[in-house]
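Asks: Sequence:
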Amino acid sequence: MTRILFSAAVAACLSVSAAAEPGDAMVGLADAQAIAGRVQQTAIEKGLNMAIVVVNREGRVILSYRMDGSSFINLALAEKKAATAAAIGAPTSILEQVADGGKPSLLSVPGAALVGGGVPIMRGDRIVGGIGVSGGSAQDDEAVAKSGLDAAASGAK
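Residue numbers for the sequence shown, in mature numbering (1 follows the signal peptide of the UniProt record, and there is no 0): -20 to -1, 1 to 137.
Among the clues, some could well be false.
Label pairs and their in silico Cβ distance ranges [unchecked claim]:
1) Gly17 <-> Ser88: 22 to 28 Å
2) Phe52 <-> Pro90: 16 to 22 Å
3) Leu129 <-> Gly91: 30 to 36 Å
Listed next, the in silico DSBU-like pairs over lysine-lysine satisfying Cα-Cα at most 35 Å (straight line) [stated by the list, open to error]:
4) Lys126 <-> Lys26
5) Lys126 <-> Lys83
6) Lys83 <-> Lys26
No lab work stands behind these hints, which were simulated from the structure alone. All C-beta atoms, glycine included, are put in the ideal place defined by N, C-alpha and C.
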């Protein structure tokens, strides 16, 4: 199972390098604001103070903020989670599972987040961005990040 997850992560990393085509979906500021708003609402409902980052397909920040009471370290980690999810086209929790399964070589990837809390934003089969959340457990971070996907599905044209 670990070998399959590792292979899938590597294949996803390689497939993301395709150049953008004219007319491709993208995540804009309005989309990022809607996504982050949904994520923040979920965090509030769970009683968590979190940092939230939305990136484009290249991992560049579109929107980044931290809720009152969230550490600056959470903001840095949320950015890494979002960029990693956009790069691999899968939740960062998959990389956490692979690394925990005895693939320490993943630890040498600069800037990669190997902990749950990052999810890709998809339009069909295309990766258009990533959401990164930090401030709770890895499981809470991922669940809260995934809450933004409904807002993402209705935006980014």
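Asks: Confirm or reject each hint.
Replies: Hints and how they fare:
no.: 1; hint: Gly17 <-> Ser88: 22 to 28 Å; verdict: violated (36 Å)
no.: 2; hint: Phe52 <-> Pro90: 16 to 22 Å; verdict: holds (20 Å)
no.: 3; hint: Leu129 <-> Gly91: 30 to 36 Å; verdict: violated (23 Å)
no.: 4; hint: Lys126 <-> Lys26; verdict: holds (14 Å)
no.: 5; hint: Lys126 <-> Lys83; verdict: holds (26 Å)
no.: 6; hint: Lys83 <-> Lys26; verdict: holds (33 Å)
Of the numbered hints listed earlier, those contradicted by the structure are 1 and 3.
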